[in-house]
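Note that the protein sequences, when read in sequence, are chains Z and C.
Counting along the first sequence from 1, when you hit position 301 you're at 301 in the numbering used here, and nothing is skipped either side.
Counting along the second sequence from 1, when you hit position 289 you're at 289 in the numbering used here, and nothing is skipped either side.
Think of the hints as simulated: they come from the structure by calculation, not from any bench.
Bear in mind that the values here come from a model prediction, so they are computed numbers and not experimental data.
C-beta atoms are modelled at their ideal positions from N, C-alpha and C, and glycine is treated no differently.
One should not assume that every hint holds.
[Stated by the list, open to error] Per the computed footprint, the stretches of chain Z lying under chain C, defined by three or more beta-carbons under 8 Å from a beta-carbon of chain C, are:
1. 51-61
2. 103-116
[What the hints assert, rightly or not] Using C-beta positions, here's what the derived DEER-type ranges look like:
3. C:Val170 - Z:Thr12: 50 to 58 Å
4. C:Pro115 - Z:Ala61: 28 to 36 Å
5. Z:Ser87 - C:Gly156: 37 to 45 Å
6. C:Ser201 - Z:Asp67: 40 to 48 Å
7. C:Ile300 - Z:Lys111: 29 to 37 Å
8. C:Arg220 - Z:Arg186: 24 to 32 Å
9. C:Pro115 - Z:Thr12: 32 to 40 Å
10. Z:Gln126 - C:Arg220: 29 to 37 Å
11. Z:Gly140 - C:Val144: 53 to 61 Å
12. Z:Ser87 - C:Leu100: 41 to 49 Å
13. C:Asp33 - Z:Gln126: 37 to 45 Å
In case you want the letters, here they are:
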Amino acid sequence: MSTPKLALVDLTKRYQPGLAPAVDHLNMEVEEGHLVALLGPSGCGKTTTLRMVAGLMDPTAGRIVVDGEDITSIPVHRRGMGMVFQSYALFPHMNVAANVAFGLRMRRLPKSERLERVRRALDMVQLGYLAERETKALSGGQQQRIALARALVVEPTLLLLDEPLSNLDAKLRESMRGEIRAIQQRTGATTLFVTHDQDEALDMADRIAVMNGGLIEQFGEPSEVYERPRTRFVAEFIGRANLLDATVVADRGPSGADERRYDVQVPGFGAVGAVGAPGLTGATRTMLVRPHRVQVHCDPGASGSPGTVESVSYTGDSVGYRVRVGDRAQLAEAPTDGRIAAPGDVVRLDWDPASAYLLPEEEER
Amino acid sequence: MSATTSIAVPRLPGADDLPPGHGVHEHRSRRRDRRTFWALAAPGLLGLAVTYLLPLLYMVRMAFNRGKPDGFIEQTFTLDTLIKPLTDSYYWKVTLDTFLMGLVVAAICVVISYPLALFLTRSTSRYKSLLIALAIAPLLTSAVVRTYGWMVILGGAGLVNSTLMHLGLVTVPLRLTNNMTGVVIGLVEIFMPYAILVMMSGFGRLDPRLEEAAASLGARPRAVFARITLPLTLPALLSAFLLIFVLSISSFITTNLLGGGAVHVLATEIYDQATGLLNWPFAAALSVILLVLFGVVIAIYQTVTRRLRLDA
Ligand SMILES: Nc1ncnc2c1ncn2[C@@H]1O[C@H](COP(=O)(O)OP(=O)(O)O)[C@@H](O)[C@H]1O
Ligand SMILES: [Mg+2]
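Produce the complete structure using the sequences and hints provided.
This is the structure in structure tokens:
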């Protein structure tokens, strides 16, 4: 691989000596043009990481490398990053055009070029008609787009977004996702995007870094993080998950490139199939089955493990079940075209062995 | 009016402050809101009318009387008393000195207090509240006490002069009291807590994210200050300036004590006329001049803030 656009090397931030670090020896490489989501629960160190990359905060240890060059000690105003804050941080004493022009003014661009680039940036976010407006009078979505234009107009080395959608209402959030992604792809800006919303990360990102307690638990493509989580935490944080204790009984041959099919024994389900890394025979592992991969059979003669429906939630697109199997409840999500079971019904659950995944052994940390 | 009694932060009325509901389609609820407003405001307004408005009107009326040399007041309606100070160059000088003293004290006070207020607002130290308490602690002692303190410190054999002479920096003691220098030093120190309080309460618009956003867009620290910090704190800075100006030109105790009779401003002249010469009409006339001075400065303040579109 060529030099990454951004590399974080053992990046560490400790706010107070003696306290656990907010970011703990974090390593990550971001490819040019990618949108990387830093995803994790509140307090896991996402904002801290982003602020260190922006230069708004000094790391306690570690390095930040951009285009192969160590920028750790370069002050914020010479880093050329474009940052969008959660609160947008538009300058209240300047109108929209002056806000967008600010970075260009600081770069001492001639007026004609400045005006032209501000116009283009505002057109890009489709708010050219607001150029002369005061920022106070704008809606949240408009402020958001102005903040984006202000960051992008300077053609930043990196675009840094800290929970940019969390202050918008649900409908607008959906549409802004697509819009931000489209603008990011059009400009090719390498982007770090902080979010605690897994849907946002899956929808928008080229790569997702799942953070927990100051560490990256997994870094990979959205489908990889979703289908092949490295830890229980990742499996549960991204999407909904059934996690079952499985004892691997027998190896049944290769499955895909470097995985094997296994026979496993699961309490309540008996002998079932699953896939996982090679060499798991005899081991006990956590097995992941996503709810929408679980098939719910209402017909008593069907195959599968019997369970009792505890609750049913109908969303229109699908129907969600909580089914008690043995002493534990499992989640299932079924299409709405078949028969819909009612609470108390006995149903049978099974799944395609290829969609049950045995998680790797978790390292202690 | 004494400097020690008024702590009021100026919130000057303007067109923006008209009660809501000036549309053609007035709703009943709005009318009820307005009735509630008047009901709640009535006790305060009544109090103000009795303790402030009536004496003020009485004072203005007094300025149209004539003071007689024997200390008696001739009840009449004449412009002579008011015109007299305007035709006397001495009172023009006193007025000008009052105005300049107000400007200088307010300017120095605001310039010294601004960085302190900024620091205290931004501090994330756990001692922050202690620091703020320390900054305004001087308010716990009366201005009279502090003025006497300054007289001791600034006097011919005081702390400042004995130190300077000891170090051989001066041979003759500097004259730091009984003149305008002493008055300005005393007033600046006495009004600093007010300036700090007014500025800190007005720095609410200064979100640190704004300064960070500017820095990330390439602004050096100096540019961040000039283009973000200063413009956003200017309204609070101007309010503090106005407050200190008003307090200074109306201050009497400090001016009188540290001025030692050598500093003549409107406040000291009014006192002399009223209590020394018992010429109440003339004291009232000078007070009217002082009021006009207030009015002029407040008008300037409003124009400036309006012009800068800062009173948001
Ligand atoms: N200025 C600070 N001083 C001390 N601790 C902080 C500070 N900012 C954040 N923290 C702590 O560091 C951890 C990570 O915070 P943050 O990076 O803001 O998390 P996130 O953005 O993922 O919610 C949290 O436990 C938080 O309490
Ligand atoms: Mg955060």
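Checked hints:
By the rule of at least three residues with a Cβ nearer than 8 Å to a Cβ of chain C, the coverage given for the stretch 51-61 of chain Z holds, with 3 such residues. For a cut-off of 8 Å, the count of residues in the stretch 103-116 of chain Z with a CB near a CB of chain C stands at 3, and the three-residue condition holds. Between Val170 of chain C and Thr12 of chain Z the Cβ separation comes to about 57 Å, which falls inside the hinted range of 50 to 58 Å. Separation of Pro115 of chain C from Ala61 of chain Z is about 33 Å and conforms to the stated range, judged on CB atoms against 28 to 36 Å.
Taking the beta carbon of each, Ser87 of chain Z and Gly156 of chain C are about 58 Å apart, not inside 37 to 45 Å as hinted. A C-beta distance of roughly 46 Å is found between Ser201 of chain C and Asp67 of chain Z, which places it inside the suggested range of 40 to 48 Å. Against the hinted window of 29 to 37 Å, the Cβ-Cβ separation of Ile300 of chain C and Lys111 of chain Z comes to about 33 Å, which satisfies the hint. Under the hint 24 to 32 Å, the C-beta atoms of Arg220 of chain C and Arg186 of chain Z, about 31 Å apart, fit the expected range.
Remark: the range hint 32 to 40 Å for Pro115 of chain C to Thr12 of chain Z is upheld by a beta-carbon distance near 34 Å. The supplied range of 29 to 37 Å is met by Gln126 of chain Z and Arg220 of chain C, whose beta-carbon atoms lie about 33 Å from each other. The supplied range of 53 to 61 Å is met by Gly140 of chain Z and Val144 of chain C, whose beta-carbon atoms lie about 54 Å from each other. In this structure, Ser87 of chain Z and Leu100 of chain C meet the distance hint of 41 to 49 Å, their C-beta atoms being roughly 44 Å apart.
For the hinted restraint 37 to 45 Å between Asp33 of chain C and Gln126 of chain Z, the CB-CB distance of approximately 40 Å keeps it satisfied.
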